[in-house]
Amino acid sequence: MSFEILKKHLQKERPPQKIKVAETQPVQVEVPLGLYEDCPFCQRKLNKETLEKNFFVCHHCEKPLRLRSIDRINMTVDAGSFIEKGKGYITLNPFFDKTYDDKIIENKNKTHLEDAFIYGSARIDAEPCVIGVLDSHFMMGSMGSVVGEKVTKAIEYAYLKKYPLIIFVASGGARMQEGIFSLMQMAKTSSALYLLDQAGLLFVSVLTDPTMGGVTASFAMLGDIILAEPKALIGFAGPRVIEQTIKETLPEGFQTSEFLLKKGFVDKIVPRPEMKTVLGRILHYHA
Amino acid sequence: MPKDQSILDLEKKLDQLLKERDSLTDEKAQGAMDGVIDALHQSMKSLTAWDRVLLARHPKRPHIEAVIDALFQDFTEFHGDRFFGDDPAIMGGLAFFNGLPVTVIGHRKGSNTAENIETNFAMPHPEGYRKALRLMKQAAKFKRPIMTFIDTPGAYPGIGAEERGQAEAIAQNLKAMSHINVPVITVILGEGGSGGALALAVSNHVLMTENSIYSVLSPEGYASILWKDASRSKEAAEVMKLTASDLLELRLIDGIIKEPIGGAHRDPLAFYKSLKDALRRSLEIYLSRPDDALIYGRYQKYRNMGFYQRFNVRPEESK
Chain A
81 MSFEILKKHL QKERPPQKIK VAETQPVQVE VPLGLYEDCP FCQRKLNKET
131 LEKNFFVCHH CEKPLRLRSI DRINMTVDAG SFIEKGKGYI TLNPFFDKTY
181 DDKIIENKNK THLEDAFIYG SARIDAEPCV IGVLDSHFMM GSMGSVVGEK
231 VTKAIEYAYL KKYPLIIFVA SGGARMQEGI FSLMQMAKTS SALYLLDQAG
281 LLFVSVLTDP TMGGVTASFA MLGDIILAEP KALIGFAGPR VIEQTIKETL
331 PEGFQTSEFL LKKGFVDKIV PRPEMKTVLG RILHYHA
Chain B
2 MPKDQSILDL EKKLDQLLKE RDSLTDEKAQ GAMDGVIDAL HQSMKSLTAW
52 DRVLLARHPK RPHIEAVIDA LFQDFTEFHG DRFFGDDPAI MGGLAFFNGL
102 PVTVIGHRKG SNTAENIETN FAMPHPEGYR KALRLMKQAA KFKRPIMTFI
152 DTPGAYPGIG AEERGQAEAI AQNLKAMSHI NVPVITVILG EGGSGGALAL
202 AVSNHVLMTE NSIYSVLSPE GYASILWKDA SRSKEAAEVM KLTASDLLEL
252 RLIDGIIKEP IGGAHRDPLA FYKSLKDALR RSLEIYLSRP DDALIYGRYQ
302 KYRNMGFYQR FNVRPEESK
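For the protein sequence lines, the chains are A and B, in the order given. Quick note, the numbering used here runs 80 ahead of the 1-based positions in the first sequence. Quick note, the numbering used here runs 1 ahead of the 1-based positions in the second sequence.
Treat the hints as calculated values from the structure; they're not laboratory data. We put the beta carbon where it would ideally sit given N, CA and C, even for glycine. It is possible that part of the hints are untrue.
Unchecked claim - Straight-line Cα separation of at most 30 Å, DSSO-like style, residue types lysine-lysine; simulated pairs:
{"#": "1", "chain 1": "A", "residue 1": "K183", "chain 2": "B", "residue 2": "K277"}
{"#": "2", "chain 1": "A", "residue 1": "K178", "chain 2": "B", "residue 2": "K242"}
{"#": "3", "chain 1": "B", "residue 1": "K138", "chain 2": "A", "residue 2": "K233"}
{"#": "4", "chain 1": "B", "residue 1": "K229", "chain 2": "A", "residue 2": "K233"}
{"#": "5", "chain 1": "B", "residue 1": "K242", "chain 2": "A", "residue 2": "K183"}
{"#": "6", "chain 1": "B", "residue 1": "K277", "chain 2": "B", "residue 2": "K61"}
{"#": "7", "chain 1": "A", "residue 1": "K342", "chain 2": "B", "residue 2": "K138"}
{"#": "8", "chain 1": "B", "residue 1": "K235", "chain 2": "A", "residue 2": "K242"}
{"#": "9", "chain 1": "B", "residue 1": "K235", "chain 2": "A", "residue 2": "K327"}
{"#": "10", "chain 1": "B", "residue 1": "K277", "chain 2": "B", "residue 2": "K242"}
{"#": "11", "chain 1": "A", "residue 1": "K178", "chain 2": "B", "residue 2": "K259"}
{"#": "12", "chain 1": "A", "residue 1": "K327", "chain 2": "B", "residue 2": "K229"}
{"#": "13", "chain 1": "A", "residue 1": "K356", "chain 2": "A", "residue 2": "K190"}
{"#": "14", "chain 1": "A", "residue 1": "K190", "chain 2": "B", "residue 2": "K229"}
{"#": "15", "chain 1": "B", "residue 1": "K61", "chain 2": "A", "residue 2": "K343"}
{"#": "16", "chain 1": "B", "residue 1": "K235", "chain 2": "A", "residue 2": "K183"}
{"#": "17", "chain 1": "A", "residue 1": "K356", "chain 2": "A", "residue 2": "K125"}
{"#": "18", "chain 1": "B", "residue 1": "K61", "chain 2": "A", "residue 2": "K327"}
{"#": "19", "chain 1": "B", "residue 1": "K138", "chain 2": "A", "residue 2": "K188"}
{"#": "20", "chain 1": "A", "residue 1": "K128", "chain 2": "A", "residue 2": "K188"}
{"#": "21", "chain 1": "A", "residue 1": "K188", "chain 2": "B", "residue 2": "K242"}
Claimed, not checked - A few chain A residues that don't get close to chain B, going by computed Cβ distances all over 10 Å:
{"#": "22", "residue": "D118"}
{"#": "23", "residue": "K143"}
{"#": "24", "residue": "L172"}
{"#": "25", "residue": "K268"}
{"#": "26", "residue": "A272"}
{"#": "27", "residue": "D304"}
{"#": "28", "residue": "P310"}
{"#": "29", "residue": "G318"}
The following block holds chain A by itself, in its conformation from the complex:
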């Protein structure tokens, strides 16, 4: 089979490269000013301690807040088991747009992230897995060349290690600043997932708020099991674009997790406090 060749290729060329990349655990990064202070949905004041105990679900309106990737990992994996992989990527700004450079720097300073995606190996309920998380606080988690490459790397890493792969999606779609390159990341990530099909490995995609556009239309919708958080916005075209096209207002609850469950595109809606248990159980089934 062709993928035997690919496997050899991956084993031969990828791991022992000249570049030495640190494999470290993410450090606790200070929460930036403003984040988790007011609920973005009901605008009421939040109490930080209650919030953390409550899995970052607003205690006024019950809406899950958008999480930083670090908080997501901390609440999902077994304590201390996460080892970050694939660090050290930067985008090269294909259209040489200065405002994009500025935006990247601004977002880096704000989030202490390289780009919108981090991944690494971890254990959930003692089961080893590869976990990847998109961070909506970094340019709305949009997929450009770096995110596309790192998602593909995460898939290849799971393939080589024979681990199941879990990706938490939170993204506004393709990164428009990178134009056609972002589009090609859709093809790249989707075709890489075929490796896992070949090797009989599990891919669990967890859709959180928001999951839109080119990310939904590629790896997010290709999970063997697709979970979703309650009340998340999930869809292909943005609600405003649809309203402008059809010149009508959209029905209540359109493009929510509950809507997708009803239409048959999501396996299960899992509230945040149960997420770890459910993921652990799914990993046990496939162990």
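Since the structure of chain A is already known, use the hints to place chain B on it.
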């Protein structure tokens, strides 16, 4: 070419001159006009990116029906996705290409208002992509090469499309096309708009016609989202790298098909000829390849696409 004149203005002027010339009876006067016409014709050679956007969307641009008529023999259209319905925005079927049976799939735009409405201006619904996938899987079963023709502003943003899983349909196509074991050849005929185009374009050989465009969103969308000013779409077209020559330079496509001066619609027969030659050549390359090489080559091609750099991180720096 004068800067403030678009290709459409030039075209109008040229058509007018040609009409005037035909109405003249005096051969000398005709000869004098020929010089002017020729100069004007030549000035259509140098096009801006925005001119190419206009040409890609030109209402007279050869559409898939005409292309199939000219390039293939005995085309039979097949309908439906076997689940929900038939999407007129994507057409597909079987035909002979130089005597070889092939599966042909492409976006249908229609050439008048009634057809435009029927085909939803080539903006497909999920059932269109699922029909395409069904036909591609069939092609794989019977070992037929697949040729796809792209001409769409994008997948349709509507209530029904979302309800039936537009994103899921596109994602399944991307994954399935990447590992299909027959040659897949794609020609971007006009507009290659976003995921709606890519869902039929994960191919061994992606060719673009000279005046087609391929991008993640329209120049109008780029200008209004990133610059908050939709009127700067001309400027956006220049920076977006959406023309065939730009994309070939970035190695995101594999080849360019020459068009007659002023666009494919000005001399369709010459256009079909170069299109047919290009398809024949790329089919020759890929027909002889074994399945594994087809899949592996296609995978590697998309695997390597991206514009980024990896740098060295020392452990102490990363803390």
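Evaluation of the provided hints:
Between K183 of chain A and K277 of chain B, the direct Cα distance comes to roughly 46 Å. Violation of the 30 Å bound is thereby established for this hinted pair. The suggested pairing of K178 of chain A with K242 of chain B holds, with an alpha-carbon distance near 16 Å, which does not exceed 30 Å. A hinted pair counts as satisfied when its Cα atoms are at most 30 Å apart, and K138 of chain B with K233 of chain A qualifies at roughly 28 Å. A distance of roughly 34 Å separates the Cα atoms of K229 of chain B and K233 of chain A; the hinted pair therefore is violated under the 30 Å criterion.
Annotation: proposed proximity of K242 of chain B to K183 of chain A holds, straight-line Cα distance about 21 Å (limit 30 Å). Only pairs whose Cα atoms come within 30 Å are accepted, and K277 of chain B paired with K61 of chain B is accepted, the gap being roughly 20 Å. Distance restraint check for K342 of chain A and K138 of chain B: the Cα-Cα separation of roughly 28 Å lies within the 30 Å cut-off, and the hinted pair is therefore satisfied. Straight-line distance between C-alpha atoms of K235 of chain B and K242 of chain A comes to about 49 Å, which puts the hinted pair past the 30 Å bound.
Of the pairs offered as hints, the one joining K235 of chain B and K327 of chain A holds, with about 26 Å between alpha carbons and a cut-off of 30 Å not exceeded. Of the pairs offered as hints, the one joining K277 of chain B and K242 of chain B holds, with about 26 Å between alpha carbons and a cut-off of 30 Å not exceeded. Simply put, K178 of chain A and K259 of chain B have alpha-carbon atoms about 34 Å apart, too far for the 30 Å limit, and the pair is violated. Restraint check for K327 of chain A and K229 of chain B: satisfied, since their Cα atoms lie roughly 21 Å apart, inside the 30 Å limit.
The straight-line distance between the Cα atoms of K356 of chain A and K190 of chain A is roughly 28 Å, inside the 30 Å bound, and the hint therefore holds. A threshold of 30 Å between alpha carbons decides the hint, and for K190 of chain A with K229 of chain B the separation of about 23 Å falls inside it, so the pair holds. Note on K61 of chain B and K343 of chain A: the hinted pairing is violated, with a Cα-Cα distance of about 40 Å set against a maximum of 30 Å. Taken as a hint, the K235 of chain B and K183 of chain A pair is honoured in the structure, with Cα atoms around 23 Å apart against an allowance of 30 Å.
Among the hinted pairs, K356 of chain A with K125 of chain A is consistent with the structure: their alpha-carbon atoms are about 27 Å apart, no more than 30 Å. With a C-alpha separation of about 29 Å, the suggested pair K61 of chain B and K327 of chain A falls inside the 30 Å cut-off, and the hint holds. Restraint check: the Cα-Cα separation between K138 of chain B and K188 of chain A comes to about 44 Å, which exceeds 30 Å; the hinted pair is violated. A distance of roughly 24 Å separates the Cα atoms of K128 of chain A and K188 of chain A; the hinted pair therefore holds under the 30 Å criterion.
Distance check on the hinted pair: K188 of chain A and K242 of chain B sit about 26 Å apart at the alpha-carbon level, within 30 Å; holds. For D118 of chain A, the shortest C-beta to C-beta distance to chain B comes to about 26 Å, beyond the 10 Å cut-off, and the non-interface label holds. Residue-level check passed: K143 of chain A sits 21 Å from the nearest beta carbon of chain B, beyond 10 Å. At roughly 5 Å, the least C-beta separation between L172 of chain A and chain B is not larger than 10 Å, which violates its mark as non-interface.
The claim that K268 of chain A is not at the interface with chain B is violated, since a C-beta of that chain comes within 10 Å of its own (minimum 5 Å). A cut-off of 10 Å between C-beta atoms contradicts the statement that A272 of chain A is not in contact with chain B; the least separation is 7 Å. With a least CB separation of 12 Å from chain B, D304 of chain A remains clear of the 10 Å interface cut-off, as annotated. Under the 10 Å C-beta cut-off, the non-interface status given to P310 of chain A relative to chain B holds; the minimum distance is some 19 Å.
At roughly 8 Å from the closest C-beta of chain B, the C-beta of G318 of chain A falls inside 10 Å, breaking its exclusion from the interface.
Of the numbered hints listed earlier, those contradicted by the structure are 1, 4, 8, 11, 15, 19, 24, 25, 26 and 29.
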